[in-house]
Amino acid sequence: MAAPGATFRRLLLLLLPPRTALPAASRRHYGLRAAATGEAVTHTGQVYEEKDYRKVRFVGRQKEVNKNFAIDLIAEQPVSEVESRVISCDGGGGALGHPKVYINLDKETKTGTCGYCGLQFKQKHH
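Following the numbering used here, the numbering of the sequence shown begins with 379 at its first residue and continues without gaps.
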């Protein structure tokens, strides 16, 4: 007897039409976008249909979306060139930063990226 999960997946594949491309919601767009209705789309892709009940929170006021998405701000930061092979990153904000992590910059062309804040580092070779 097949496992219930495998049977469900098989039935689901039979019922759903085949997809050839990723849905528009799963593609990443940088910067502020607007939906077909003129509503601002958030960094997570949140936009509501015209008759969606969740739009009630925006009756009488505008949906406010921060235009400075963090991923765009980090992409604007230049790559920091450092002398040492191992660099530490703590976010640079003291108590407002993040836990200290150590990043290895072993290869000549390698750029190390901090997993917390996204800052990039590259070893300066003489």
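Please keep in mind that the hints were generated in silico from the structure rather than gathered at the bench. Watch out, some of these pointers could steer you wrong.
[To be verified] Lysine-lysine pairs mimicking DSS-like chemistry, simulated, CA-CA at most 25 Å apart:
{"hint": "1", "residue 1": "K502", "residue 2": "K488"}
{"hint": "2", "residue 1": "K500", "residue 2": "K488"}
{"hint": "3", "residue 1": "K478", "residue 2": "K500"}
{"hint": "4", "residue 1": "K500", "residue 2": "K485"}
How the hints compare with the structure:
1. Between the alpha carbons of K502 and K488 the distance comes to roughly 11 Å, so the proposed pair stays at or under 25 Å and holds.
2. For the hint pairing K500 with K488, the CA-to-CA distance comes to about 7 Å; that is within 25 Å, so the pair holds.
3. Between the alpha carbons of K478 and K500 the distance comes to roughly 18 Å, so the proposed pair stays at or under 25 Å and holds.
4. For a cut-off of 25 Å, the pair hint linking K500 to K485 stands: about 9 Å separates their Cα positions.
Comparing the model with each earlier hint shows no violations; every hint is respected.
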